[in-house]
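Between the sequences and the hints, there should be enough to build the whole structure, so can you do that?
Just so you know, we're using the working numbering here: the sequence shown kicks off at 3 and counts up by one.
Among these hints, one or two may not hold up.
In silico lysine-lysine, DSS-like type, Cα no more than 25 Å apart, as pairs [claimed, not checked]: (1) Lys164 to Lys194; (2) Lys57 to Lys30; (3) Lys185 to Lys57; (4) Lys185 to Lys141; (5) Lys141 to Lys57; (6) Lys141 to Lys194.
Everything labelled a hint here was simulated from the structure, so no lab data went into it.
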Amino acid sequence: MTDMAIMIAAALGCYLIGNVSPAIILGKIIAKTDIRQHGSGNAGTTNVLRTLGPKAAIITLVVDILKGVVSVLIGRYFGGQDLAMLCGLAAFVGHIWPAFYGFHGGKGIATAAGVIITVEPILGAIVAAIALLTIAITKRVSAGALLAALVLPFAANYFDPKYLSWSIIISLIIIFKHRANIKRLATGQEPKLSLNKK
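Pasting the structure below:
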């Protein structure tokens, strides 16, 4: 295979890895329903927590993070750091717009975390710390995600300018997917994180 063919095959494969949705799968197994028809309608950890409970949320979080980790490692194995970044981005996009599920998935936070921390561990740790600290203070996952997305390009550029355009794409997609949350945050209507003891 040519380098271009390897790049396309790896990126496509990682997009398909991103398509695997533990939130949707667990919703069908546990509640015999589509998680996207409940709560926020998002196929992600927070909606699983509120709809199916903490055990299902932990599984969802871990699997979604691992999708990003595995995809970056695949890219790095077949083509180095540049392909690792592309494959991570492909998995992130696959999680948000999965062909398997009508292009209606999650908001990509956990998968993005897995991607970023595997591409550049210290950068990932910094962004994750900002997100977690913000969530702890505000009790709102969306606030943590949005602040981390805003900080990401600046921090990424500090580590290596080649990360800048890649990180801007991730940040813009996260902000776009959280546009309804932004409106609710602005009006004080964004719900706080609470544990559903199912």
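Hint by hint, here is what the structure shows:
no., hint, verdict
1, Lys164 to Lys194, "violated (36 Å)"
2, Lys57 to Lys30, "holds (15 Å)"
3, Lys185 to Lys57, "violated (30 Å)"
4, Lys185 to Lys141, "holds (17 Å)"
5, Lys141 to Lys57, "holds (19 Å)"
6, Lys141 to Lys194, "holds (5 Å)"
Against the hints set out earlier in the document, violations occur for numbers 1, 3.
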